[in-house]
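J.: Sequence:
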Amino acid sequence: MGRARDNITGDLFEVPIAPAPVGGSMQCAEEVCAVLSEAITKSGLSRFAIAARMSELLGREITKAQIDAWTAESKNEWRFPFEYAAAFEVACDCINLQELLARKRGTRILVGEEALLAEMGRIDREERELRERKLQLRDRIKMGKRK
0 MGRARDNITG DLFEVPIAPA PVGGSMQCAE EVCAVLSEAI TKSGLSRFAI
50 AARMSELLGR EITKAQIDAW TAESKNEWRF PFEYAAAFEV ACDCINLQEL
100 LARKRGTRIL VGEEALLAEM GRIDREEREL RERKLQLRDR IKMGKRK
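Each residue of the sequence shown is one higher than the last, beginning at 0 in numbering that gives the first Met the number 0.
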């Protein structure tokens, strides 16, 4: 019997493609609201608890009302400040905002073992390239001795 298929983890070898940077393509107010809401829901924490943790991390008061405004698409005048992103992700134990930015820029966020596997792949590639270069140099040296 084979391994169960993992439908959650993305393909480590799939190369992300940046969307074409056309007018309006970087507008993501609605997506930010949705990502914040999703992170809050998945965290299982109350908005009060998230606000308290963010306040502690930022050294300034964050309220439930602010979080409510940041997640309401109808509140156009209230936008989530980028400077709060790290504190929000820590409070919710997520990387949702990083992933949104990565999608917008055609990049990928690697965490934990994924990052280690990617680094191992990079090292393997460099070792192959060095071996090939070494063989090329040996061949040139041999050719020089034949003359």
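Watch out, some of these pointers could steer you wrong.
[Unchecked claim] When the alpha-carbon atoms are kept at most 25 Å apart in a straight line, the in silico BS3-like pairs for lysine-lysine are as follows:
hint, residue 1, residue 2
1, K144, K103
2, K133, K144
3, K63, K74
4, K41, K103
To be clear, the hints were calculated from the coordinates, so they are not data collected in a lab.
Since we're looking at a predicted model, the values are computed, not measured.
J.: Taking the earlier hints as the rules, which of them does this structure contradict?
T.: Hint 1 is the one this structure does not satisfy, whereas the remaining hints hold.
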